[in-house]
Structure formats: structure tokens, C-alpha cells
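Trainee: Below are the chains, spelled out letter by letter.
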Amino acid sequence: MAQLTLSGITKSFGTTTVIHGVDLKVEDGEFVVFVGPSGCGKSTLLRIIAGLEEVTSGMIAIDGEDVSRLPASERGLAMVFQSYALYPHMSVYKNMAFALENMGLKTPDIDQRVRRAATMLRLTDYLDRKPKALSGGQRQRVAIGRAIVRDPKIFLFDEPLSNLDAELRVATRKELAGLHAELGGTMIYVTHDQVEAMTLADRIVVLQGGRIEQIGTPLDLYNAPDNLFVAGFIGSPRMNLLPARISGPGTVAVGEDGQVVETGIVAPLKPGATVTLGIRPEHIALAKNGEAGLTMTIDLVERLGGESYLYGSAPGLPQITVRLDGQTSHGRGDSVTIRLPIAHQHVFNEAGKAMGRQ
Amino acid sequence: MSRASQLMLARRKAGRWHWTDIAAYTYLAFGVVLMFGPVAWLVLSSFKTQAGLLEFPPSLLPMSQQEVMVPGNPQPLPLFEVTMEDGSKRVLAQVRRIGIQAQMVDPKDPTQQFRVPIDKRVPVRQFKLATENYTEPLERFAFTRFLSNSVFVTVVATLITLLINSMAAYALSIYEFRGKNTAMLMVIGTLMIPITIILVPVYLVITHLGLVNSLWAVILPGAATPTGVFLLRQYMLTLPRDLIEAARMDKASEWQIYWRIVMPLAMPALAVLAIFSIMWRWNEFLWPLAVLTKTESYTLQIGLNAFQGELQTQWHYLLAMTVVTLLPVALVFVFLQRFITTGIANTGMK
Amino acid sequence: MATSPSTERRTAAGLLWTPFAALIKLIDLPMRAVQRLIGERRMAYVFLLPNLLFFSLFVFVPLIVNVVFSVTGGAALFPSERPFVGTGQYAYLFDCGSFLDPNSCREDHFWRGVANTARFTLFQVVAMVLFSLVTAVVLNMRIKARGFFRAVYFFPVLLSPVVVALTWKWILQRDGLLNAGITALGGERILFFVDPSWAMFWAVFVSIWAHMGFYTLILLAGLQAIPADLYEAAEMDATPRWRAFWCITLPLLWPNMVVVIVLALIKGVQTFDEVFVLTGGGPGTATLMVVQYIYETAFSNQVQNFGLAAAASVVLGVVLFTLTLAQLAASRRKDA
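Chains A, B and C, in that order, give the protein sequences. Quick note, the first sequence lines up with residues 1 to 358 if you use the UniProt record's numbering. Quick note, the second sequence lines up with residues 1 to 350 if you use the UniProt record's numbering. Quick note, the third sequence lines up with residues 1 to 336 if you use the UniProt record's numbering.
Hints are supplied without guarantee of correctness; some may be wrong.
Each computed DSS-like pair below joins lysine-lysine, with the alpha-carbon atoms no more than 25 angstroms apart [as the list claims (entries may be wrong)]:
#1 Lys270/A - Lys353/A
#2 Lys174/A - Lys153/A
#3 Lys25/C - Lys106/A
#4 Lys108/B - Lys120/B
#5 Lys132/A - Lys106/A
#6 Lys94/A - Lys25/C
#7 Lys94/A - Lys106/A
#8 Lys25/C - Lys130/A
#9 Lys108/B - Lys89/B
No lab work stands behind these hints, which were simulated from the structure alone. Note that the structure is predicted; figures quoted are calculated from it, not measured.
Okay, chain A solo, but in the shape it has when bound (with noise of 0.2 angstroms):
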């Protein structure tokens, strides 16, 4: 176990930068979780970590120990690779002891922590079979559990659910969660997938074009996003982001006819400035009889039983998603007034950053 400090790296292949200046600190037994889009930059930081890429510029220590320049098996560190890696020509149990023996174990030093780990990952039936004779969540698990037997200082992540079918995927990340809960390690965890990002993680840190969008705990990300990117990527089904103008003290005009909308913002902002507004599908209601809100004809209904989807259409905005909790008498055509709630609203200037709040 160990904490980590990355401190202003950058990676660049010839003359692409990927990396521009990545600033964290990982604290021992936090559980962190780098999500973005494919390529930005997510993993090439896990790999640079890792020691299997040279960083350019910029330090990187453990537990105050600059190892920037060591070569990854020297690190300490293991890894979770998303093909899973695993040694072809070896048996589990092999794939597991090898890096022990590396480390010049003990045989049976070796054998008591394959099994413990065999015994944790349910694997203690499966150690003389090789990977070919697996199945897709077996192999996951061998993988796992050859990173468990090093003990290492941190473990590393890279993606390592998105092979396996999405069933497997919830029962794993499950297994996953309650695994860190019991060893207690430092994690990294490399994702696309921001819903494992949100379950998995103690805190995210949000990529994009090899940049840090934004560092928080899950909640911090979903209640309040730094700026429009991470606005956009955390949460699901996606905020609702419509362009807009402040129209007067607490108030913006929405789409081409202009309906205002209430804000709760106090903005540095004089009116006739583009902003965009945001709010999350689940925070909208639709208006009761006579209340004010923003109209919109219904495009869509999806009827899930238990929640309902909305999707509709104004002049001038993006489609508007609302979650509605139950079942909806509402349907295609119909045109109805939703009400977007001052505590819910996110409103981001015109170069993306979130605004301050009342």
C-alpha cells in the first residue's frame, strides 16, 4: 500500500503531445478511478505510472519516492491488463506464482499466497487448467489474482471489465468493489464507462485530450460538474445542456422563441451573454397546471415500467430528455411545460465553466 503523487507530466510520441500536464495525488487505500473519452490520455497515464511508458517530463513518486525513471519491474506496482494478459502456456496456478518466483520466494511461501488468493477469487478449483480452458470471467479473475499474489504497493487497472458481457460486468465490478473494500490497496482504475467510474471509485478523475477535467468523489462530479465536459460525461442518461442567454437579473431566454426560464445563478454576466443551461433528466418535473416552465412537444415516450422517458423538442434546442418516475399518460405529439428547478440547474459561461451558484 502506498500513496502516489504525479506531479506535472507530460508524454509525447514525436511531436503529439498526449499528455499536458497531469497534476494528482492518490492517497493510500483510495480507490481512484481516471475516466474519459477513448483517447485522452486515460491510459497512457496509467502506463506511464505503470513504468511501460517513459514520461517526458514530470515526476512521479511513491510514497515520496521519485521513480520516474525506474523500469516498470521495479515499480512494485501490478497491473490488470483489459486483454487480461495472461500467460497462454501457463496454468493459473503458474500465472499467478510467476512474478513470485521472480521476486525469488520461497516455494511454499509461493503456494500459500497462489491459494490464498485462488481461494479468495473462487478459483482453487481451476489452478491446473490453462487460460484457454476459462471462461471469459474466470480468466478476469486470474488476472486479478495475479496482481493480488505480488501484494504490490498499488494495483492498476486498465479497463479491465470491458471483455466481458454486460451481466458478468455488474457481478464483476460487484466482486471488485467488495475486493478493495477487504484488501484495502491502493487502486487506479482505468474506464470509459462512467458507471463504473460512479460505483467503483472514491474519487474520479475525469480526462479529456490528456488534460484533468475535474478531480472529486463520485457525488461531487454528478452535483457539481466543473465545466461542461464533465457535465456532459458523468450522469446517465446525459444532463440536458441548452444553449441560452441571460436575459435578465435571474433569468435566461431559452431556444429560438426566447422562453425564459428561471436561474438561481447570480452571474458576473450582463444580460444578452450566451451561456449554456444544464439539468440532469431526473431533476425535471413537468408543470402542474399553470405553473411557468419551458414547453416542448413530445417526440418520444419510453414506457420502462417503473420509470418513464420523455423525450421532446423545442424550436432552437437540442432534444430535452426527462426522467419521470412511473408510468405517463403522455404520448408522441403531445406538447407539454416542464419545470426545471433552480436547485438542480447547472449554468456554464460561454467558455465552458461552471458558474457559481446562490
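Following the hints, position chains B and C against chain A.
Mentor: Coordinates of chains B and C only, in the frame set by chain A:
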């Protein structure tokens, strides 16, 4: 289209013999005779006695004259079928030949003696394998030595070839390093330089190393083969990079990654190279011929060549030893035929 | 292929393997030290080292020495003891009244070798391409036991040249099988190795017999790469078989044909062992090849003339280099 008509069409097509089909099978049958025949003839001949080999026209199977022990004669006597004066036929043993007469004896009743003109007797022959063709040269001549030399050269050279070429292939497939392209170019370059055009200077190098007439002189020059490097490199390039990185994370040294991860996984390619190397080395001729001048360091191929070059070619021994020489290759072929042919088809090497 | 360690230990191969594996483990200790010293990335050089050492010792150095030999004279092996003669060896080699008539040359053996090799290569390449093409086409037809027939044509490739030559020598000798056949049909025995034309014929024949399988495989691979639907389309268009062969098969097979032609040329020019064992270059010099000339000039003549042999091999090298370039060009076109 209905299934019935489909079936009918298929049958009509399958049943119809185009003249090209007949030509093809004729060609193939001819091929079997032409390709297998000579080797089969070699093997059959190798079991014939020295006398049997001198027969003209030759008999198909290895036959030799039957002999019997007759009381009163220390040596076994050859048996003949004799046409007697009265036209009856008897089987007699020949005691000695005097001019055009042969003195013969009935083996069942040694007291009965006959004088028979030699053109009235026909040898009684039986199928017999002259295995002494195989045992004698191995005992009396240096063929055992040649055989063990050949085995030594083949085994050691193949091991060295596998080791150093896989190391180079590993370096050229897994790493990025300065000079990689130069190294690749050098490997490609050597592909163009057969031993035939550097015979003399390689001989000089071997002399400098003091290895003339040593088996190492045969082993070393061909150990680094560009074909081998290429074959292995192509294969190693297909191995997932994740495995190598996983091994690095698992604290494996580079040598361990090479030996414990990449080598076992490159086994199919290594096997192909091993088979080729075994064939190259076992069959190698020109270079050993140039560098091995002492009989005790000859390989089988050189030994065979020297044996056939002697004034009186002892074909019965020579043929048997030729069979011994082709035996390992034949065995390899029987078991690994498909493997070898696909290997050649995929790599274009021989 | 991969066995678990427990079964591995039990097999005989495992027994051989154990000391070898121990040796490898021993190598790991210094290797680790080196890796710590130079870093993991530069370990590439360490892995490359043995191979490069062999290449330089047995290829690069000899290449240079070869040229040095060819411009020096005398019978000494060590270059420092050899007097410089400039282009003397080459001048001697090329001292000819007419290059087409070996008798007009001072070193007539070399030129006989050149003429024989040229003749041999020409016949051999033409016949080789023809026979391997026919065989490949036949093997590519819908025939039964294709694997067996392919093996039949292929297996001589694996035989050593000495075995091949002795096998045929035994058949072709004075009292051999072939002469038995000829006399059985009422003909006269032929002394194949006494007649120059017969000797050359059998040299070509035997070398085709031995190597045809290899070229057949290359062509067969090419044939199998031609999509079957092309032929089906041709059949729909009522194309006769010979026309399909001429207009579809041959053009699509052409890249492989070029490879076969060039490879056969390269091998043909280097021909030595089969012919040497079969005919010894005889009768006289009727089947003496260039490589045999080089070998004998350097190693088996009374006076070992390394300089002349080196000069001849430089000439041979130039020819081979040109052919190899042609091969590279051909295979590049094949890839394109």
C-alpha cells in the same frame, strides 16, 4: 430449385469424367513411380548380397542362393536345381566346379555324387536380406564415426541456431532501439550471400580459429541464419505486447521474458526452424567437404562421397549406408510431412 | 505443445531439458546484472550480440577478405603473406580469345564451368517451371488423396544431394536398372556417364527430380490463392477449361511464377553437390560447374590457388547479387 434437382445435378457432375481427370491421374501414377521408384530400388538393392548386385539383369527382390551343410564338407554348399540326363529334376549341392563340369552331391544322401555340366544347373534362390551390408561397414569402416559426427553436428548446430536466432528475433521484434533498422538491413544482406561465394575466406577464418578438421568448423559458420531470424521475428511480432508488459510488471528480467514467455509461445515457429535446421545440417555437403579433410572428422555425407570415390566402389556397403543416411530424413518426413509443406508454403524457404 | 511442468518432467525430453533449463537459469544471473547496468531497453543489443558476432565473423569479414584474396597471389592462406597482384587474377580469369569458346581462354576450366553452368541452368529452369507448373495444376484439381500425391512429389526435396546422386547413379550405372530396362526392350546398353550429352541430361534430370517439389509447393500456394468464384464465373460464361487456364490461372499465378523462375536461376547458378557426386564433373569437363571449379581451385588441386578461386567467387557473387535483386523486385511486385 428443388433439392432433388440439385442432387441430380451434383451427381451428374461428379459422375462425369472429363478427359483431364484421366490425364491427371495418369500423370500422378507416373509421378509415384518416378519419385518413389528410385528410392524403393535403392532400399531393395541395399539388401542384396555383393553377388546379387552384380547380376544383370538385376532381380527385383534381394535374393540369394540357398546353401546347405552337407556332412563331410566344412563349408555350407550352394544348392542348385539340376536337370538330369534323363530329364528329371533334382536339387543338388555343389561341392566344387571343375571347368564346365560341376561336382555335386545330394544333400539328403551325401554318398550320391554326380558330375553335371554347369549349364544344366540353375541356382536355387530364396528371398534373403543381406543385413551384413548394414552391420559390416558400421563395424569395419568408420561409418559409426561418420554417423556420430553427423548426429553431433546436427544436434549441436540446431541448438545453437535456435538459441542465437531466437535471441536476435526477440531483440528485433520486441524492442525499439537505435540501430534497429541497420541490424535488420544487415540480416537481410546476409540472405544474399550463400557460402558458395565466400568459401575461401570462411576457410581462412576457421583456420585462424584453429578449427580446421574440427566439427565446430562445420557447426559455427551456418549457425546464424537470416531465414531463421526472419521466420521467428515474424512469429514473435504476432505475440500480444500485453504479455511482455505483464511480465515486466511481474518483475521478470528481460532474459526471463525471452526465455519463459516468448520462447514457449514461439514454439510453433521454433519447431519449423528446428526441422529445417536439422535437414540443412544433416544434408550439408559443400562446406564440410571443403573444411573436413581427415577421415575421422567426416560427416555421413562426406563419408559417403569419399566411399563412392574409391577405385572399387563397394556398392553393397555404399547403398546400405546411403539408406542409413536418408533414414532420419525419411522418418522426419513421414511424421511431419504436413507441417513441413505448410512451413515451406508459408515461408518460401527450403 | 505446452505441457504442464509435472508431465514435462516425466518425459524423456524433459530429462534432456532439465540441465538445459538449469543452464538458462544460470545465464539469468549475469543477464540481470547487465540489465541493471544498461537498462531494459538496451538489452536488445545484448540479445542481438551473438547473432551479429556470427554474422560478422562468417559473413561480413569473409566478404571483405574475399576481395583481398582476389587481388593477391601466391599459395599462402593468410592475407598478410600474400603478395598484391592487383587485378591480375581477374585478368588471368578473363584472358580469352573469345568468351564463347572456352578453348581460347587461358583458364579454360573456368570458362567451361561457366558454359556448363549456363547450359545447365537454362535447361533446368525451363524444365523446372514446366514440370512444377503441370504438377501444381494437377495437384490443385479435385483429386482424391491430394495430400499423398503432394507428399510424393515433395519428399525428394528433403533428401541430401549425396543421397539423391547416389540413388540415381545406382540406377544409371552400366549394369543398372535403366540399362536392364533398355536391354529388355531390345536396346543396347548406354554408358550414360561416358557420353557428355547424356551426362548433362541426367545432371539436369536429377536436379529437377530432387527440387521440383519445392517449386511445385510455391506454385500450388499461388493456385490455391486464386478465388474459386473466378472459375465459377468463367464456367457461367461457358469458358472452355483451357481458356480459363490461359486467361485466369496464368495471369494470376504470374507473380509466383516469377519467384519460381528467379529462385531456380539462383539455385541453378550455384549448382554443385548433386552433379559433383553424380558425374564428378565428367566425363572430362562436360558437367564441370562454376562452383566445382571454385572448390577444386581452392581446395583440391595440387596447388591451392586461393586468389583465383576468390576472384571467381567474386564474379559468381556479382551474378548472384544481380539475380537476388531481381528476386526482391519480383517479390515486391508480388506483395503490391
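Trainee: Now look at each hint and say whether the structure bears it out.
Mentor: Verification of the hints:
| no. | hint | result |
| --- | --- | --- |
| 1 | Lys270/A - Lys353/A | holds, 16 angstroms |
| 2 | Lys174/A - Lys153/A | holds, 22 angstroms |
| 3 | Lys25/C - Lys106/A | holds, 16 angstroms |
| 4 | Lys108/B - Lys120/B | holds, 20 angstroms |
| 5 | Lys132/A - Lys106/A | violated, 28 angstroms |
| 6 | Lys94/A - Lys25/C | holds, 17 angstroms |
| 7 | Lys94/A - Lys106/A | holds, 14 angstroms |
| 8 | Lys25/C - Lys130/A | holds, 24 angstroms |
| 9 | Lys108/B - Lys89/B | holds, 15 angstroms |
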